[in-house]
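Protein chains: 2
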Amino acid sequence: MNDGVSIDRARAGDVAAIVAMLADDALGARRESPGDPKPYMAAFEDIDADPRQYLAVARRDGRVVGTLQLTFVPGLSHRGSTRAQVEAVRVDSDERGGGLGTDLLLWAEEEARRRGAAILQLTSDASREDAHRFYERLGYTASHVGFKKRIG
Amino acid sequence: MNDGVSIDRARAGDVAAIVAMLADDALGARRESPGDPKPYMAAFEDIDADPRQYLAVARRDGRVVGTLQLTFVPGLSHRGSTRAQVEAVRVDSDERGGGLGTDLLLWAEEEARRRGAAILQLTSDASREDAHRFYERLGYTASHVGFKKRIG
Chain A
1 MNDGVSIDRA RAGDVAAIVA MLADDALGAR RESPGDPKPY MAAFEDIDAD PRQYLAVARR
61 DGRVVGTLQL TFVPGLSHRG STRAQVEAVR VDSDERGGGL GTDLLLWAEE EARRRGAAIL
121 QLTSDASRED AHRFYERLGY TASHVGFKKR IG
Chain B
1 MNDGVSIDRA RAGDVAAIVA MLADDALGAR RESPGDPKPY MAAFEDIDAD PRQYLAVARR
61 DGRVVGTLQL TFVPGLSHRG STRAQVEAVR VDSDERGGGL GTDLLLWAEE EARRRGAAIL
121 QLTSDASRED AHRFYERLGY TASHVGFKKR IG
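In order, the protein sequence lines correspond to chains A and B.
Residue 141 in UniProt numbering sits at position 141 of the first sequence, with consecutive numbering throughout.
Residue 14 in UniProt numbering sits at position 14 of the second sequence, with consecutive numbering throughout.
So here's chain A without its partners, still in its complex pose:
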């Protein structure tokens, strides 16, 4: 873990900083509306009340500098394994290249093991080639194709 960085559960007061990171991104800029906090706060309340969701933030000296969401999905396949799914990984632009992404993913892996998950999974937009190399270095295998369909 980077010196001076801690990772813990996001609180309501962190939502604006998380949304700013989601929007500060080549893909995110087109789909977020950081000026309108309402839908984000409603979603935060749903996440926070669900014991299978863990919205994590990395803080440096109290300031939010990274985030990811971990979701535990119980399932029958793989002999009744729980999957831990990682979504919405973001690192503050000032922190990129400093190992904070690694800190976040290793934290997620540790938390997933602690909760007994057998599989860690995530998808990454096909255009994010740097991210793909990053996940492969962390021991992930690009074994699947990720399909999405917008319905709302």
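Please note that the accuracy of each hint is not assured.
Quick partial rundown of chain A residues pointing at chain B, CB under 10 Å, derived from the structure [unchecked claim]: (1) N2; (2) S6; (3) G13; (4) V15; (5) D36; (6) I47; (7) L76; (8) A88; (9) W107; (10) S124.
Keep in mind the hints are simulated off the structure, nothing from the lab.
By construction, the Cβ of each residue, glycine as well, lies at the ideal position given by its N, Cα and C atoms.
Chain B: place on chain A using the hints.
Below, chain B alone, put in the same frame as chain A:
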């Protein structure tokens, strides 16, 4: 929907039939143990108790002939959108090619819309090329790379 087919929530008595389908598959045969129901029943109870999980079965004349699991994941990104994730899609070998997979996926899409999800998503093993064409015909875009890491 196929004549004589209905789709509804799986019950405990359906688990053995679902596991048989999970195991009757080129990839599944290596990782399932249908002779040992215990881990599957424990996972079923977790799924069944979670309002964000919907383990669905397709029945023809009362017999289980297909399954998929739908999971609702609340999130901050995309303006606080809920994602509906599809896992563990299986169709009985006697029914393949008859449109039951389409019935299951269209059912999932309808249920996801009903619950207000904005994004439907799934991953498919890179080796399942027929499945990829199937999802593309249903309007999914192969926009992402799916990474997995076994941790248990």
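Results of checking the hints against the structure:
no. : hint : result
1   : N2   : 22 Å, violated
2   : S6   : 20 Å, violated
3   : G13  : 14 Å, violated
4   : V15  : 7 Å, holds
5   : D36  : 8 Å, holds
6   : I47  : 5 Å, holds
7   : L76  : 5 Å, holds
8   : A88  : 5 Å, holds
9   : W107 : 13 Å, violated
10  : S124 : 5 Å, holds
Hints 1, 2, 3, 9 from the earlier list are contradicted by this structure; the remaining hints agree with it.
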